[in-house]
Amino acid sequence: MSPVVFYTIISLSTVGIVAAVILYFVAQRFKVVEDPRIDQIEQALPGANCGGCGFPGCRAFAEACVKADDLSQLFCPVGGSDCMGVIAKILNLQVQAKEKLVAVVRCEGSYDKRPKTIRYDGAPTCAIMHQAVSSDTGCPNGCLSWGDCVVVCRFDAIHMNPVTGLPEVDEKKCTACGACVTACPKGIIELRKMGPKGCRIYVGCVNQDPGSVARKACQAACIGCGLCVKACPFDAISLEKNLAYIDQDKCKLCRKCVAVCPTGAIVEINFPPKKQPQTDATRHTTHGEGETTQPKRHTIQKKT
Amino acid sequence: MTLQNTKTFPQGGVHPANNKLTADQPIQDLPLPASVSVHLGQHIGKPAAPVIRVGDTVKVGQLIARADGFISAAVHAPVSGRIEKFIDVMDQTGYKKPAVVIRTDGDHWQEGIDLSPDLVTDIKADGETIIQKIADAGIIGMGGAGFPTHVKLRPPEGKTIEYLLINGVECEPFLTSDHRLMLEKGHELVVGIKILLKALRINKAMIGIEDNKKDAIELLRQHAAAERQIEIYPLKVWYPQGGERQLIKSLTQREIPPPPKGLPVDVGCAVFNVATTLAVYEAVQKNKPCMDRVVTITGAGLTNPGNFRVRVGTFVTQLIEAAGGLPDNAGKILSGGPMMGKALPQTDIPITKTMGGIVIFPANQACRKPSMECIRCAKCVSVCPLGLEPYLLMTLSEKGLWERAREERMLSCCECACCQYICPSNRPLLDYIRYGKSVLTQMLRAEKNHE
Amino acid sequence: MAKVIAALMPAFIVGAYVFGIRAIAVTAVAVVSAVGFEFLIQKFILKVPVSVTDGSAVITGILLAFNLPSAIPLWMVIIGSLVAIGIGKMAFGGLGKNPFNPALVGRIFLLISFPVSMTSWPKPLLHRLAWTDGITAATPLGIFKEAARAGQTFSDILPQMPTYWDLFMGKMGGCIGEISALALLLGGAYLLWQRVITWHIPVSMIGSIFILTGIAWMIHPGQYPDPVFQILTGGVMLGAIFMATDYVTSPMTGKGMLIFGAGIGLITVAIRLFGAYPEGVSFAILIMNAFVPLINRLCKPHRFGE
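Chains as they are written, first to last, in the working numbering: chain A, 1 to 304; chain B, 1001 to 1451; chain C, 2001 to 2306.
Treat each hint with caution, since some may be false.
Claimed, not checked - Simulated restraints on C-beta separations:
1) 2044/C <-> 92/A: 56 to 66 Å
2) 2198/C <-> 1317/B: 11 to 21 Å
3) 2275/C <-> 3/A: 30 to 40 Å
Read the hints as simulated data drawn from the structure, not as lab findings.
Keep in mind it's a predicted model, so treat the numbers as computed, not measured.
Backbone N, C-alpha and C fix where the C-beta goes; we use that ideal spot for every residue, glycine too.
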C-alpha cells in the first residue's frame, strides 16, 4: 500500500472516530427528555397539521393530551372518535365517543334564485368583497361565491359549483376541522352533526332581513314566517331576527319542517325519497341515483 | 402666479385629469325632500344616542341625538316634521346602519337660529364657548374624514398647536363643492378662520388652495388682505395635495409620525376643511347646527350637473334627478371622487355630513381592466406619498404574512389610491391593502386586549 | 413593451448594417423561437393562459440575439431561446417571477456550452450579404485580453484598435446589438424621455465602470485601457440601458438601483482587468440580479414621518 493511501485511511478514520465520539457526548449532554407517549400519540394522529383541534400542529396536540388530566376538552376532528379512543388507551384515560361532525353550507341562494343587483369587479376574494360591499345581490348575508372556503380546505372536501355559485361539501372527505367556517366572512358555514346514516336537516339561510326584503332578494330565503317553529313537534326550531334555526340536539329528523317551509329554505340531506302520490302542491326533485360522494339533496319546490 | 410660487410635497403623488366640469356652477338649493333618513353614526367615534321618540315633532336644527362619549358628535334634524321610525338604512359602505327617518312637514326652523344672509364679523364668544358651540352644533370633518371638530380643538395634555391649516385644496378630480364655497362664501370663511384661531389661541393660519382654482386664491387674498394672521398659499396641482399629511408637509415641511402615534397635533398643526370652517362660522355666529352641506353632482353624461346645498339625509336619488336624471349609459355611481370614492350599490342612500360629491361614470368607463402579474416596475413605489411599497403589501396581504406586513408599515397607508391608479398591470393593490389593514388592526386589538 | 422594442431598433439597424443578413436571421430566429417556446410551455406544460401577446418574449428574443455573434449557428440560437424562456423565465413562474435576466441566462448558457461559437466574431462590414464566410476577427476587448496574457500592455496594442469615433459609431467586432454606443444611447434617451426607465441604473453602472477603470488607468496609464475605451466596448452600453434596467430583475427604489448599478460596474471591471474572460457585463448583471432581494430589503423608500 502506498504511503499516501495509508496515511489517508488513518487520518480520515481518526477524524471520523473523533467526530463520532464528540457527537455522542454532545447528544447525551443536550438530550431533550420527552415523554415517549408524545411520540406514540403523534403516530396515532392523522398528521394533517390542520389546526382543527385548536393547537398548532399534531405534535402540539399530542403534548397537550399528555399534559391533560382528562380528554373531554381535547378532540381531533380529523381522526375522530376512533383516534381519540387510541389516544385514551395510550394515556390510560377515559374518553367519550363524539358524534362525527360535517361542514354545512347554510345558503341556498344560487345564481338562479338570487339575482345580481350590481356588478363587483374588485379583488376576487370573499374577504375583500365582504369588506368592500355587503353583497352584489339583494341579500347582505348570502354566499359571495369567490371560494375562500375552497382555498383554505386541506382535505379537498369543498368545491364551488359553477352552475349554482354555491360551495358543496364532500361529506366523505370533510373532517370538520373548521377551516372553512373561519374563512367564510359571512359565517355561512357551520359544523353540524353528520346524523344517523348521514341524515341531517338544517336551515339553508342566514339572512336576517325582514321577510319581504329577504324574499325579494332570494327565492330560497328564510322569511321568518315561523311555520316551521309551529310544525316542529319537538320544539327544536327557534326564530330570531327573522331567521329560523334548528337545534340539532333536539331535532329528531321527522322532516315536518321541510314539508311546511314555503320557500324551500330548510334543507334535508341523505334522506331516502318519501313515497307520496304526486299532487299539485308538492313536487319532489331528486338528483341522480348513481354512485356519488355528493349527498342526496331533497328540496320541496312549491308552485310560486 | 407662476409654478415657482406653488408649494408641494416632495415624495410620490400622481396627476389625474381634473375634469372640474361644475367649477362654474353656482350653489343651488336642492328642494326639500319628502323625508330624510339621518344616520346616527356619520362621524368617527361612537354613534350619537337619540333624544327623541317616534311620533315627536321636530324643527329644523333641533337636536335629535346627542354625542355619546368624548369622541362622538351630535345629530340635528335637517328638516321639520314628524319622527317616523328608527330603521337600519344602507349607507355608502353598502351596509345598513341605524338611522332616524323624519317625514318632512314645511320648513320650520328652531328658535334662535339666525337665517339672515348678513355677515356677522364680530366674534363675541370666548374660546371655551366657541368650542362648546361647535360641539353642540355636531360639526365633524366635512372633507370626508368625519372626525368631531371640537375634539380637534382640545389638544391633549402636553401637545400644543402652532398652526391652523385650512384645506381648500380639493385635489380629487370632478369635485367642486369646496371651490364654490370659497368663491361664494369667502367672507364667512375668513370669519370662520378667525373663530378657529380664537379657539386655538394662536394667530397663524394658512389656507392651502390648489393652483387650478386661481379665482378662489385671488378672491380669498382680497378678503383676507386686512387679516395679518391669515396667509393664502397656492399649491401645485398634484394628487393627494389635500390629504392632511401632504398638506402639512407642503405648508410647514413637517411630517406627521406614522400611526398609531401620528396625528397633526403631534407636529403642532390643526387641519380643517373649508366646508367645516364654514359650518363653524354658521354655528358660532348664526347658531345654526350642522345639518346640510354642499354636494357636487357631476359626470360626463348628466344634463344638469352642478353644486347643490343638500339637507343631510336626502337620498342620492333626488340629487341625481335634480341633475337631469340618471343617464341611460350610466355604469357607476361614486360617492366621492374617482380616486378615493366609494361605488354605491343603489341610489337610495342618504347624503351624510361627509359626502361632498357624487360622480356618475358611463358604462364603458365604469369597469376595471383585467389584472395581470406584477412586473415589478416599481411605479407604485415611486408614486406612494407615504414611502410604502404597495406591490409588497399586496403580496403580504394575499399570503397572510401579517408580521412582515406590520414591519412594512401597512397600517400607515392613507388609501389615496395613487398606487392602484398608476399600476400598468391593473392590480387591485388598494383592495388587498385595505383588507390587510383591517386584519392587522383586529390582530393588534386582540393582542392589546390580551395583555 | 412596444416602446422598448422601438428603442432597440437603432441598434438593430446598425447590427444589420455592420454584420449583414446573418444578423437579421439570428434576431428573427431568436424572437420566433422565444415566442414559440413560451407559447408551447404555457399551453402544454404549465397549462396556464397563454400570454405571448404581452411582448415580453419578443424582447427576450431580441436581447438574446443582440448578445450573440452573428455567425452563431442558428440551432444554437434556438437552444439559447429555449433556455432563456424555459429556464430563465417559465421555471420560476412566468412574467414577473424570475430573479435572473432571461436573455442573459440564455446567453451565459450558450457561452459555457459552446465557447468557440460564442467567441467567433465575424469581421465587421465584410461580406454582409453572404450567409457565412468563416472570416472572423477578435473584438477590441478580446485583443486586449490576449495581449495581457502575453504580457503586453494596452499601449502596445493601441495601434490595432479602432478609433474612438469608430467605437462610438459601431465600426467594430462584437455581438449583434452591442457595438454601437450611439444607437444604444439614442434608444436610451427615448426610453428616458418616455419614462420607461429612470437614470439611476445606466448612470451608476456606466459611471462606476468609468471611475473604476479610470482609477486603474491612472495608476498604470499604459497598461490598462482608458475609461472611454472601456465604456464604448463590449456590452456596457447594451447592458446598462437595456439589460440591467429590466423591471423584473432590478431593485425597486432609486437608492437600490444606484447600489445595483455600482455593483455591476465593480464586478465588470474586476472581470475585465483581473479575470479570465475579456468581458464581464453579463456575469456582473446576473450576479447582481441575485442580490436584488437583499437590496430591496436594505433600501426602503423614505417612510413618511420617520
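So, going through the hints one by one against the coordinates:
1. A beta carbon spacing of about 58 Å between residue 2044/C and residue 92/A agrees with the range 56 to 66 Å that was offered as a hint.
2. Hint check: residue 2198/C to residue 1317/B, Cβ distance near 48 Å, so the stated range 11 to 21 Å is violated.
3. Roughly 39 Å separates the CB atoms of residue 2275/C and residue 3/A, a value that falls within the hinted 30 to 40 Å.
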